[in-house]
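**Q** Read off the chains here:
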Amino acid sequence: MEDRRTVLKSALALGLGVRGLNVLQAQVDDPRKARPQEGDRFVFAFGPRQGETVRVDDVPLASEQLICYAMDPSSGAVRDGSRLNQVLLLRFEPDSLTPETREASADGVVAYSGICTHTGCDIEDWSDEAEFLVCSCHDSEFDPRDGAEVISGPAPRRLPSLPLRSEDGVLVAAGGFSATIRFEKEF
Amino acid sequence: MVDRQAVLRRTVTLLVVCAVVAPAMGQERPYRAVTQERLLAPEPENWLMYRRTYDGWGYSPLDRIDTSNVASLAPVWTFSTSINEGHQAPPIVNDGALFITTPGSRVLALDARTGELLWRFVPELPEDLQQMHPTNRGVALWGDRVYVATVDARLFALDARTGRVAWETAVENYARGYYMTLAPLAVEGKVMVGVSGGEWGIRGFVAAYDADSGDELWKTYTIPGPGEPGHDSWSGDTWRTGGVPVWVTGTYDPELRLSYWGTGNGGPWMGDARPGDNLYATSVLALDVDTGELKAHHQYHWNDSWDWDEVDPPLLIDVERGGSTRKALVHPGRNAYLWVLERSADSIDFLDATRFVYQDVFTSIDPDTGRPEYDPAKTPGTGERAVFCPSWSGAKNWPPAAWNPDTRLLYIPANENTCSYLEGVEAEYRPGRTFMGMEGGFVSREGADHYGELQAWNLDTREKVWTVEFERKLWGPVLTTGGGLVFVGGTSDRYFRAFDAATGELLWRQRTNSGVTGVPTAFEVDGVQYIAVQSGWGVDAQRGTNHLDGAIGTRTYVPQGGVLWVFALPD
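Protein chains in written order, with numbering that gives the first Met the number 0: chain W, 0 to 186; chain A, 0 to 570.
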């Protein structure tokens with residue numbers, strides 16, 4: 000009940016509508032819809048290894064993002080109940096990361112929300128040349144070595160980041176997203 | 000504590016309801032019902048649908064504002080929409096009640112004379128909605144209701160006096176990439192819409208709904224299914240996710256009872272990913288408004304690999320050919336050709352096609368059928384890069400052309416000197432995710448000294464009569480009037496301009512808050528003629544500007560934020 004009251008208050012504070020209230024409540028009730036949490040592992044979102052746990056070595060070095068979902072290790076629930084839970088994993092030489100980004104990384108792996116802060120599109124593209132994340136809807140570019148800072152395009156804010164640690168080569172969330180997953184739904 | 004929670008819930012609910020419809024509460028205003036007779040022959044003072052008339056002309060007969068006095072045109076009121084992104088909808092006016100839509104599929108009803116807000120409709124959008132094209136192109140009017148198609152693929156009927164929802168229906172599932180950007184088309188108690196989502200692996204369609212009840216009456220896919228004619232123009236299962244969206248409101252011939260719709264390209268973008276002609280992509284479709292039956296079609300170009308959606312429906316214009324008058328369908332295409340077709344009850348026949356900007360892909364056009372042949376070196380494919388002109392934005396994008404029956408000229412908002420490169424990459428379909436399979440960019444044609452062009456064409460002689468050049472690209476819908484004027488915005492310098500319809504001479508311009516990508520309209524209230532347009536840069540105009548910046552090394556800043564501007568002559 001305490002959780003529900005918190006949800007209601009949060010909704011009021013944020014000025015959310017009924018649909019927003021329901022969404023928040025669903026995140027409390029359904030671990031699949033809940034955002035990534037401290038201690039979560041990561042699993043491949045698509046492809047032949049869909050559902051398998053992601054290790055540091057699975058993330059290609061200085062290459063395009065790996066799209067994943069977090070997984071609650073206690074229940075095994077994969078948090079794929081909302082598109083907004085997508086996590087992008089990328090790996091770089093640690094020395095190439097900015098100090099703040101390196102602080103949140105694990106063995107050179109960084110994690111960001113896969114949702115563009117402009118109009119909420121999936122961040123699916125990658126610039127080989129610049130090594131930037133690129134939104135396939137409106138071409139916003141983000142620098143994964145610098146906290147996913149906006150380099151160009153209409154995105155108003157950087158992508159929320161997710162702190163990581165590694166445990167025996169397995170990637171683990173060291174906390175939740177640095178910011179609420181939100182975008183300019185109503186501009 | 001239970002009581003406290005109940006209070007909280009009630010408070011939240013009340014807040015939401017107020018946000019959506021509170022301005023609508025209060026007195027009801029007089030409103031004249033929109034009938035089929037009025038849509039067929041709208042009063043000169045009114046603008047009752049997307050292009051004012053079913054033939055798609057974008058022409059108002061009003062002539063109080065003309066070439067002799069337009070220089071003194073001035074703003075009389077403005078209204079800020081409080082929203083960013085692309086404002087493209089026309090101000091639609093019925094006896095002084097003015098309706099616009101904005102990104103987010105909001106509807107604003109205003110007093111056309113004073114700018115007073117009558118009501119506001121704000122649909123609640125899903126938390127996880129993606130918006131590749133955050134825009135809306137306007138409302139349809141029928142009876143005493145206002146219809147809006149939303150970016151999460153719903154259709155709403157609103158009370159025109161209050162904005163209250165009469166009904167809503169889910170046209171398709173937004174989570175699978177379907178959305179809508181067009182103004183609905185109202186004909187005889189039916190409300191027709193088409194779906195966007197060609198970049199998301201949808202299967203496009205046009206559907207009709209009962210204006211009173213919201214019941215679906217018919218639905219016609221733009222990609223034929225198994226057993227239907229044209230299905231064999233798709234290989235394997237590519238038809239299931241082949242795109243072919245419908246972006247823009249159709250036109251309508253009441254004598255033939257046929258509506259005409261333009262269709263987008265196939266998906267993914269590379270033609271070699273979906274071998275075959277891919278009917279009815281990049282085509283015009285003639286649909287029976289009573290049944291939805293596909294009566295005829297013409298495919299402008301087959302197996303597209305250039306993203307040349309042919310989104311605009313054709314304008315219905317009588318043209319002279321060889322001493323006889325032909326009932327034509329006229330389409331200035333994204334593929335750079337001005338297509339003139341002939342329409343009848345059961346066919347669409349090719350008459351001719353004239354190139355209106357530089358294009359280097361077509362090597363020939365069959366004089367009997369209109370079927371083009373392509374230069375393979377200019378046709379990108381999977382793992383095969385090609386550079387081609389015009390760019391994937393096309394010679395003319397969605398902003399509608401206009402036809403003036405007084406000058407007998409067609410006014411085309413065109414773009415010259417832009418080219419693209421594209422290379423296909425393997426694409427795997429995943430529901431609700433982009434399905435484009437390409438990498439590419441933009442280049443400027445060598446020696447280019449301008450990009451935007453407003454062109455005036457004599458359709459009888461197939462000759463270009465005048466051209467106005469703009470330094471940057473032109474993304475402006477066109478209005479023409481009985482006052483001998485052509486109005487267009489669409490440039491990144493934020494101007495809204497008026498030209499002499501006969502000569503192309505610039506007669507007036509007004510710098511606005513943002514870039515003007517709205518459809519301009521003309522109307523009259525209490526004997527005063529007004530010109531109205533929304534200024535609000537975004538979506539493809541913004542993207543196209545950024546692409547051109549990248550190609551030529553410039554950096555252009557266009558502020559966002561929508562404002563409706565209404566102009567009139569001084570008292």
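Please note that a few of the clues may not be correct.
These stretches of chain W come out as covered by chain A in the derived footprint (C-beta under 8 Å, 3 or more residues) [what the hints assert, rightly or not]:
#1 30-38
#2 80-87
#3 113-123
Across the chosen pairs, the derived CB separations fall in these ranges [said to hold, decoys possible]:
#4 Asp-167/W <-> Glu-167/A: 49 to 55 Å
#5 Arg-54/W <-> Ser-363/A: 38 to 44 Å
#6 Asp-127/W <-> Asp-287/A: 45 to 51 Å
#7 Thr-290/A <-> Gly-80/W: 39 to 45 Å
#8 Gly-235/A <-> Ala-61/W: 33 to 39 Å
#9 Thr-290/A <-> Arg-54/W: 43 to 49 Å
Sample of chain A residues facing chain W (criterion: CB under 8 Å; computed from the structure) [stated by the list, open to error]:
#10 Asp-127
#11 Leu-128
#12 Met-131
Hints listed in this document are in silico derivations from the structure and should not be mistaken for laboratory results. Think of the CB as a built atom: it goes at the ideal place given N, C-alpha and C, for glycine as much as any other residue.
**Q** State for each hint whether it applies.
**A** Verification of the supplied hints:
1. Only when three residues or more bring their CB closer than 8 Å to a CB of chain A does the claim for the region 30-38 of chain W stand; here the count is 0, and the claim is violated.
2. Residues of the region 80-87 of chain W lying with their CB closer than 8 Å to a CB of chain A number 3, which satisfies the three-residue condition for coverage.
3. Counting residues of the region 113-123 of chain W whose CB falls under 8 Å from any CB of chain A gives 5; the rule of at least 3 is met.
4. As the Cβ distance of Asp-167/W to Glu-167/A is approximately 53 Å, the hint placing it in 49 to 55 Å holds.
5. Distance hint for Arg-54/W and Ser-363/A: a CB-CB separation of about 57 Å, inconsistent with the stated range 38 to 44 Å.
6. A C-beta distance of roughly 50 Å is found between Asp-127/W and Asp-287/A, which places it inside the suggested range of 45 to 51 Å.
7. Checked against the hint of 39 to 45 Å, the C-beta distance between Thr-290/A and Gly-80/W comes to roughly 41 Å, which is consistent with it.
8. With their beta carbons about 37 Å apart, Gly-235/A and Ala-61/W fall inside the hinted range of 33 to 39 Å.
9. The beta-carbon spacing between Thr-290/A and Arg-54/W, approximately 58 Å, falls outside the hinted interval of 43 to 49 Å.
10. The interface hint given for Asp-127/A holds, since its Cβ lies 5 Å from the closest Cβ of chain W, which is under the 8 Å cut-off.
11. Evaluation of the Leu-128/A hint against chain W yields a held restraint, the C-beta minimum of about 6 Å falling below 8 Å.
12. Contact between Met-131/A and chain W, as hinted, is supported at the beta carbon level, the nearest pair being about 4 Å apart and thus within 8 Å.
Hint compliance for this structure: hints 1, 5 and 9 are broken, all remaining hints hold.
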